[in-house]
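Construct all of the structure, not just a fragment, from the sequences and the given hints.
Each chain, written out:
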Amino acid sequence: MILMFNIFAINFIIPLAVFYWAYLALVFIFLIMSILNIYNLLRFGFMTFTNLAVIVIFIGISVWLLGYSFSILGQFDWTVPVFDSSWFNLSNNSLINRPGFTL
Amino acid sequence: MFDKRKLPLSDRKPNEEVIVQLWPHPFIFLKIFLIFVILFLIPLLAYFIISQSASWILESEIFLPIAMVVNFAYCLIVLSLALSIWMDTYLDVWTITNRRIISREQKGLFNRVVSELELYRVQDVTVEQKGIIATMLNFGDLYVQTAGKEERFIFKNVGEPVRVARLVQKLDEDAKRGYYGQSQTV
Numbered sequence: 007m008i009l010m011f012n013i014f015a016i017n018f019i020i021p022l023a024v025f026y027w028a029y030l031a032l033v034f035i036f037l038i039m040s041i042l043n044i045y046n047l048l049r050f051g052f053m054t055f056t057n058l059a060v061i062v063i064f065i066g067i068s069v070w071l072l073g074y075s076f077s078i079l080g081q082f083d084w085t086v087p088v089f090d091s092s093w094f095n096l097s098n099n100s101l102i103n104r105p106g107f108t109l
Numbered sequence: 247m248f249d250k251r252k253l254p255l256s257d258r259k260p261n262e263e264v265i266v267q268l269w270p271h272p273f274i275f276l277k278i279f280l281i282f283v284i285l286f287l288i289p290l291l292a293y294f295i296i297s298q299s300a301s302w303i304l305e306s307e308i309f310l311p312i313a314m315v316v317n318f319a320y321c322l323i324v325l326s327l328a329l330s331i332w333m334d335t336y337l338d339v340w341t342i343t344n345r346r347i348i349s350r351e352q353k354g355l356f357n358r359v360v361s362e363l364e365l366y367r368v369q370d371v372t373v374e375q376k377g378i379i380a381t382m383l384n385f386g387d388l389y390v391q392t393a394g395k396e397e398r399f400i401f402k403n404v405g406e407p408v409r410v411a412r413l414v415q416k417l418d419e420d421a422k423r424g425y426y427g428q429s430q431t432v
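In the order they appear, the protein sequences are chains A and B. Take the working numbering: the last position of the first sequence gets the number 109, and nothing is skipped along the way. Take the working numbering: the last position of the second sequence gets the number 432, and nothing is skipped along the way.
Any given hint could be a false lead.
As the list claims (entries may be wrong) - Below, computed lysine to any residue pairings styled on SDA-like, alpha-carbon distance capped at 20 Å:
(1) Lys402/B with Lys422/B
(2) Lys416/B with Arg367/B
(3) Lys353/B with Ala23/A
(4) Lys402/B with Phe52/A
(5) Lys353/B with Ile38/A
(6) Lys277/B with Arg49/A
(7) Lys277/B with Val60/A
(8) Lys259/B with Asp418/B
(9) Lys402/B with Arg346/B
What the hints assert, rightly or not - Which bits of chain A does chain B cover? Going by a derived footprint, with three or more residues having C-beta under 8 Å, they are:
(10) 22-33
(11) 42-53
(12) 74-84
These aren't lab readings, by the way, just hints derived from the structure by calculation. Because the structure is a prediction, the values reported are computed rather than measured. Yeah, the Cβ is synthetic: ideal placement off N, Cα and C, and Gly gets one too.
In C-alpha cells, the structure reads:
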C-alpha cells in the first residue's frame with residue numbers, strides 16, 4: 007500500500023501580522039533594554055547635566071519613534087496573507103486569486 | 247576631561263579628598279554620536295534608493311508593511327545600541343584622591359568592574375597617545391604600573407594624560423613620604 011501525503015491538502019495561511027507581532031516582541035525587548043540602561047546610568051552614573059540630558063533626550067526620541075511607528079503601522083491591513091498554501095493548489099486556479107496576481 | 251567636583255566616595259578613608267574625576271575625552275563621545283547619526287541616516291538613504299529603483303514596493307500591500315516594520319525595527323535597535331554604548335563609555339570613570347586611584351569600568355549591561363590602587367604602590371606611569379587626532383586634541387591612555395602582581399591600571403582616552411601622569415606622580419611621592427596633604431595643584 008502506498009501512502010501519499012499531500013501537504014497542500016492542509017490549507018494554512020501565514021498572515022502579514024506575523025511581522026507586526028515580531029515588531030511588538032522587539033519593542034518589548036527594546037523597553038527592557040532601555041529600562042536597564044537608564045537604571046545603570048542613574049544608579050552608577052553621576053547626577054550631571056549631561057547624564058540627565060542624555061536620558062531625557064533618549065526617552066523623548068523613544069516615545070516619538072514608538073508613537074510614530076504605531077501610527078504608521080496601524081494604517082496597514084495585517085490580515086493580508088503573505089503565504090497561503092492554497093496558492094500552490096493549482097487545481098482550483100487559486101494562484102490566480104493570489105493578491106497582486108494579474109494576467 | 248577634568249572635573250574637580252568633590253563627588254562623595256562611598257567608602258571614604260580618613261583625611262581622604264577627591265582630587266579629580268576623569269572621564270573619556272569628549273571627542274570619544276562625539277565620535278559615538280556621529281556614528282549613530284550616520285546609522286540613523288541609512289533608512290532615509292534606503293527610502294531614496296527604493297523610491298528611485300523599486301517604487302513598486304511602496305505600492306505593494308505586502309512589501310510596504312514589511313519594509314516599514316524593518317525600518318522601525320532598525321531604528322529601535324540603533325537607538326538601543328546608542329544608549330548602551332553611551333552608558334558603557336560614560337560609566338568609565340577614574341577618581342584620583344590624595345590616597346588612592348579608583349577605577350570604575352562598565353562592561354556591558356551586567357558587568358561592572360571597580361578596582362582601586364593605593365598611591366604609595368605606584369611604580370611607573372606611562373602615557374600613550376596614538377594618532378593625529380589624539381595628539382591634536384591631547385587625549386590618550388595612561389598606564390599606571392603597580393608594585394604588586396596586578397596588571398597595569400589603565401585610564402582609557404583621558405584628556406591631558408601628561409598632566410594627569412604628573413599629578414599621579416606627585417601624589418605618589420606625597421603618599422610615599424607618608425604625607426597625605428591637600429595636593430590640588432592641578
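Worksheet item: Can you give the numbers of the hints that this structure goes against, from lowest to highest?
Response: Violated hints (numbers, rising): 1, 3, 6; every other hint is consistent with the structure.
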